[in-house]
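Using the hints, position chains B and C against chain A.
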Amino acid sequence: MRAAPATCRPAAAPARPTRRPGVASLSRVELVQLVGQPRTQVAAVGCLLAPLAVVIVTRLVGTVPSDTLFGRWLPDGGMALPLVMLGFAGQWGIPALMSLMAADVFAAEDRHGTWPALMTRSTTRGRIFAGKAVSATGVGLGLVALLGASAILCGRLLGPTQPLLGLSGQELAGDGLTGLVVMAWLTQLLPALVFGSLAVMLSVLTRSAASGTAGPVVLGLLASLVGMAGLPEWLRELLPGTGFETWHGLLAQPAFLGPLLRTSLVCVWWIALFLLVAWRVFARRDVRTS
Amino acid sequence: MSTVTRAGLVLTAAAAVSLAGCAGSTDRVQVAAAIGPTFARLFVHQQHERGLDATITTTRASATCGRGGSTDSGSGAGSDWRCAISYRSGQHAVPAVATYSVEVKPNGCFTAEGDEPTDLVSAPSVTRADGALIPNDLWRIDGCFDPG
Amino acid sequence: MSHPARLETRGLTRRYGASYAVAGVSLRVAPGSIHGLLGRNGAGKTTFIAMLLGLVRPDAGSILLDGAPVAPFRDGVPSQVAGVLDSPRFRPGLSGRANLTLLRAYDGRTIGGRTSLRDVDLQRLLEQVGLAARADEPVRGYSLGMRQRLGLAAALLRRPRLLVLDEPANGLDPAGALQVGDLLRRLQAEGVSILLSSHDLDQVEDLCPDVTVLGHGTVAYQGSVNHLRRTAPAPTVRLGTSDDALALTVGSRLTGVEVGHASGAAGAAGREPLEVRAPQPELDRYVLALARANVAVRSMSVQRTSLHAAFHALTADDGPRPPETPQGACGPVPSSFPLQGVAS
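Residue numbers (my numbering), protein chains in the order written: chain A, 1 to 290; chain B, 291 to 438; chain C, 439 to 782.
Same shape as in the complex, but just chain A (with noise of 0.2 Å):
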């Protein structure tokens, strides 16, 4: 016995069809809010104007940061100022940009309870993932990047009135000098990557975006610091901050490359199981509203 009822007409018009969005479009749906958000907006100044700051606070306060490479031609200018920053940015200010990127973007969907919603649309849970930690570590990198591209900048700008002193003694100049800096700087962002796969591991375990915040950035100091006590070296290239120093064997001469090829392997390891541990979580997680 049929129940349907009378107006059900049997053939309704097809729904017009959706095609799924792949990682891509998510991840460039999930770029555009991240830019848009003032955090970012604020970071992205930051990064821009943190040059100059180093070298106004350095000709005011009158002492150099002696502790650190190529700390003491600070006052030179030239490409003195992207090294010396290359030192500070590894030892918390890439795990602190990172992070700040990251966490937020799985932990805001915790907080506001927005995940049924966009759970319930035509994509997979890994798309969303995958999306989302892509744009987040995308930002993130490109953080990284202009921070780099204005230290330099600002080196080239205030240029040197000599020629630069290598870690070997030998004479640095020119194009050739900004080449390896350059080449410095690009050797961060695999580490980079490192804490921000952290962070998103952190906020999708604890839900909270201070955690994951704050954890890669304590984790990174400890991490230095556990590399500054006497380790056997295989275990100290193990710890993940370890990458943010192997651009020292660019400016040697000869130039070495064995502790960037070792940790970069290294990198790639922590990488993959911060972010295979958090995608099992999330991937297995029950979704309330509340």
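Calculated from the structure, these hints are not laboratory results. Ideal Cβ positions, reconstructed from N, Cα and C, are used throughout, including at glycine. It is possible that part of the hints are untrue.
[What the hints assert, rightly or not] According to the in silico footprint, chain A covers these stretches of chain C (three or more CB under 8 Å from chain A): (1) 486-493; (2) 508-515; (3) 519-526; (4) 587-599.
Leaving out everything else, chains B and C in the frame of chain A:
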């Protein structure tokens, strides 16, 4: 075994193999091999800056380093390293020796402060040929080497 | 041969530790029909709906859409299905319209298409759910009712053929609930099938000819509302009289009429009103008998309609309990009422 697990094992094996290469920690040969040529280049640079012996372009230098009171043995990071650099510049047949107190950090970077001879390496500034004071590049040497 | 059900679940189960939130629930929603899902708070309605929408992973059972099995938790919500969980939430800093635009981007609708058409779509949708006037205000200023409407709009964005709604009239005033009801009927007329969960019996009675009643995670009744009403115990009426003691005596002499104090103890002292449980004809005779005995009826109010009474009986704390082990994916439904299929 899933693809992910397999990829993970490969990565771990590769990391282990490559890291096994650097079994030991910093040793004296590494420090000496780094500081010697660095000193040599800085010496040449300084001579040019001071306007002295402009024809000198190469200086051979070899260093011996040790820590904890000894002159040629020791390993590991620390601030009690001492290096003696014997160098021979262009015209002088007799080699001269400069000594430095070196602090070696775990990441393979070192800071060397000059001890002897005082007028060459122990003063923060040196005089130029025309009498002006310029910073002494040999007073403090910062350098790095591969610790692995 | 009949069309396959638009939505069918077989033995859907979800368990948390040792207790079952949903235990072997099977139901069918016919194409173009509105099916009610009833139950007290905590009966498992929201968990069941969350499993349909891929938000919670089922421990056992299967979900079929137009006869074909789907796995929303693993593959995401099928493209022709949309739903809203109870009290939906949105980004508080964005306006309702902006939230919808964002959600549509996640749906992939911004790929291609012309801008003007997209905005017209949204405007019409906002008018349909009654949010057009306040669509551009930030969501943080929305009431629960407005968020419910926005949630409905977010689901309708996807032009679904199956709509799964969890308490859609929650937080809406009666006029708003009516408006939603009208909207749902219009959608049904366009061929959309709707699964509607609610603890508001009156609304469900209005819209849904067929219901599934959940109690403690299992199906306590499945069939038409009319049948449920007929099988219900008689309605309860609260009576205020000029002489309660005499009214009790009169009632005890009539067959088919149960009279007692609201507290349940017949003859208890105090001012509690009387409760009469009797079918309509017997109730009429009782009132006439009271008049003949010079007892005036001062107030009379229906405490529970027959539907409410039936629901109460089905979902009371001592109602049907889940079985020791829930039925398998294709096993029979554990219910104590005769199963009446929605569409064969």
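Going through the hints against the structure:
1. Only residues whose C-beta sits within less than 8 Å of a C-beta in chain A count toward coverage, and the segment 486-493 of chain C has 4 of them, enough to reach three; the restraint holds.
2. Interface restraint, the segment 508-515 of chain C with chain A: holds (4 residues with C-beta to C-beta distance below 8 Å; minimum three).
3. Coverage of the segment 519-526 of chain C by chain A holds. Counting CB-CB distances below 8 Å, 7 residues qualify, and the rule asks for three or more.
4. With 7 residues having a beta carbon nearer than 8 Å to a beta carbon of chain A, the segment 587-599 of chain C meets the requirement of three or more and the stated coverage holds.
Taken one by one, the earlier hints all hold for this structure without exception.
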